[in-house]
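Student: What follows is each chain in one-letter form.
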Amino acid sequence: MTYRPSTRQQERIAYRRGRAVRSVLLAAASTAVVGLGLAFGITGAPGWERVKESFFDPETAVEYLPQILEGLWLNLRLLVVCATCALALGLLVAVLRTLRGPVFFPVRALATGYTYSFRGLPLIIVIYLFAFGIPGLRLQGTPDVLVLGAAAIIVTYGAYLAEVFRAGIESVHPSQVAAARSLGLSYRQAMRHVVLPQAVRRVAPPLLNDTVALQKDVGLISLAGPIDAIRAAQIGVAQDADFTPYIVAGVLFVLLALPLIAVTDFVTLRAARRQNAGT
Amino acid sequence: MLLEIKDVRKVFGDHVILDGLSLDVAEHEVVALIGASGSGKSTLLRCVNLLTEIDDGTIHLDGEEITDPRADPDQVRRRIGLVFQSYNLFPHMTVLDNIILAPVRVHKRPPAEVREQAHTWLERVGLADKAGAYPDRLSGGQQQRVAIVRALVNSPRLLLLDEVTSALDPELVGEVLSMIRDLKGEGMTMVLATHEMGFARQVADRVAFLDGGRVLEQGPPEQVLGDPVQARTRQFLARIIEAGRL
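In the order they appear, the protein sequences are chains A and B. Take the first sequence: its position 136, counting from 1, is numbered 138 in our numbering, and each next residue is one higher. Take the second sequence: its position 157, counting from 1, is numbered 1558 in our numbering, and each next residue is one higher.
Since the hints were derived computationally from the structure, they do not count as laboratory data. Glycine residues also receive a C-beta, built at the ideal position from the N, C-alpha and C atoms. Keep in mind that the hints are not guaranteed to be accurate.
[To be verified] Here are a few chain A residues that face chain B, going by a calculated C-beta distance under 8 Å:
#1 LEU94
#2 SER177
#3 ARG183
[As the list claims (entries may be wrong)] Chain A regions said to be covered by chain B (calculated; three or more residues, Cβ under 8 Å):
#4 186-192
#5 197-210
[To be verified] DEER-style ranges, computed between Cβ atoms:
#6 B:GLN1631 - A:ALA111: 30 to 40 Å
#7 B:ARG1410 - A:ALA90: 42 to 52 Å
#8 B:ALA1529 - A:TYR5: 28 to 38 Å
#9 B:ASP1570 - A:LEU260: 40 to 50 Å
#10 B:SER1438 - A:GLY20: 26 to 36 Å
#11 B:PRO1571 - A:TYR5: 29 to 39 Å
#12 B:VAL1630 - A:TYR189: 22 to 32 Å
#13 A:VAL26 - B:ALA1534: 47 to 57 Å
All chains, please: the whole structure from these sequences, using the hints.
Tutor: Written as structure tokens, this is what we have:
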């Protein structure tokens, strides 16, 4: 016998469909109201014409786009290098902080001191210290300002990421370590094969989120001199007394962040789903 | 004797869990530890596996003192299998990877050979089709059987089972118990902490009743469970009967 919904069920379906249509219409209407309100509010402001000229000038935008894009290429390369190194540094420091035993006391103390101080220090100050302080020592083979600036970013973000990794390591239940050790795995093997894989999976969303933040902060390297997207925009602003290049750089940064943000959301969603699926 | 536990003491804070406990286990023997919650059954098993450090006494395995502070705990654990109440499978690994991790990484055996052995085991316990599955896709009984296989592929001298059926739904208990019964048939030496008195009676050569941090009474299952000498044992069994577990 084939199943046919009862009259009561058909009523329910019809009612729910009606509600669904209603909510779509309502959402469309409220979006239109808010959008129009914003548009009128901004374009109707007394200073709008002036702002439009000095922030949204299409000619200036086109003029400086190539330089800014060229700068952005530097940002992108810096992002990849800094993110990779900061993640590696963070993981290393987090693992060092978990080491037990008296031999490791200095290592532990150093790692703890590092995460405490560099999470507190403003990135700008670290960049100044690295980019201008280290060359001031006049040592043989001092690297380029670009490298020094990147190092400042890596060291600062490494401290944040170390704490994220550590939270992940501590979230793995002790019974997992007990199971690994009971099978004869050494502490190192248990860490490498059982704890870290679970820890990294668990903290992947916050790690990626920090990478999105890093993506913007890479621009601070312009303070040390290298011409990145922000520096290029700044040069444009200074030449034309027009803020449009900043807007261009800002839009480009958002576009650069979008894929990373999308990946973060996807990973977060997947992690949440896994968590719910688990026992 | 395969395992000799002598005057073992374990204290957590000012709480004495094991108070000079002694117990010997011969090769091919199956000993069931019974006793109230908190009587130290699990602690004792963890001490034997060196997951918990003892505060006094000695434990010998094959005549060698494993509680010697100079002994390498990793080396000792390679000879002892431990199965936990809550299975403790590694959730990020497939069933097969859970099983072959220790043989490959610890015992340095060729992966192909270990994999073959793992498949043979999984087939034996009726889980051949689960080799590629992740633990969260398995029922409790299936997870526990995988956990037992994981301990067995290391060919341990001694298998410790810590209330391996306590977390299972009643209808899944049987599949795990029948696996343990098979192991006994093969001569595996086992020490099992259990609440399943009926099972202890069937499978154990000897039942040891833990009370006050010591073995208060031990002997053949019929005697300890059927005609206990000690008043405390009788009280404990009366409570178990009251709860409908015997």
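Student: Would you mind marking each hint as holding or not holding in the structure?
Tutor: Consistency of the hints with the structure:
For A:LEU94, the suggested interface contact is broken, since its CB lies about 21 Å from the closest CB of chain B, more than 8 Å. The beta carbon of A:SER177 comes within 5 Å of a beta carbon in chain B, closer than 8 Å, and the hint placing it at the interface holds. The interface hint given for A:ARG183 is met, as the beta carbon of that residue sits about 6 Å from the closest beta carbon of chain B, less than 8 Å. Counting residues of the stretch 186-192 of chain A whose C-beta lies closer than 8 Å to any C-beta of chain B gives 4; at least three are required, and the coverage claim holds.
Proximity of the stretch 197-210 of chain A to chain B, defined as three or more residues with a beta carbon under 8 Å from a beta carbon of that chain, is established by the 3 residues found. At roughly 54 Å, the beta carbons of B:GLN1631 and A:ALA111 sit outside the given window of 30 to 40 Å. A beta carbon spacing of about 46 Å between B:ARG1410 and A:ALA90 agrees with the range 42 to 52 Å that was offered as a hint. Between B:ALA1529 and A:TYR5 the CB atoms are about 37 Å apart, so this pair conforms to the stated range of 28 to 38 Å.
Distance hint for B:ASP1570 and A:LEU260: a CB-CB separation of about 47 Å, consistent with the stated range 40 to 50 Å. The hint said 26 to 36 Å for the Cβ distance between B:SER1438 and A:GLY20, and at roughly 57 Å that hint is violated. Under the hint 29 to 39 Å, the C-beta atoms of B:PRO1571 and A:TYR5, about 34 Å apart, fit the expected range. Separation of B:VAL1630 from A:TYR189 is about 45 Å and departs from the stated range, judged on CB atoms against 22 to 32 Å.
Under the hint 47 to 57 Å, the C-beta atoms of A:VAL26 and B:ALA1534, about 41 Å apart, miss the expected range.
Hints 1, 6, 10, 12 and 13, counting from the list given before, are not met by this structure.
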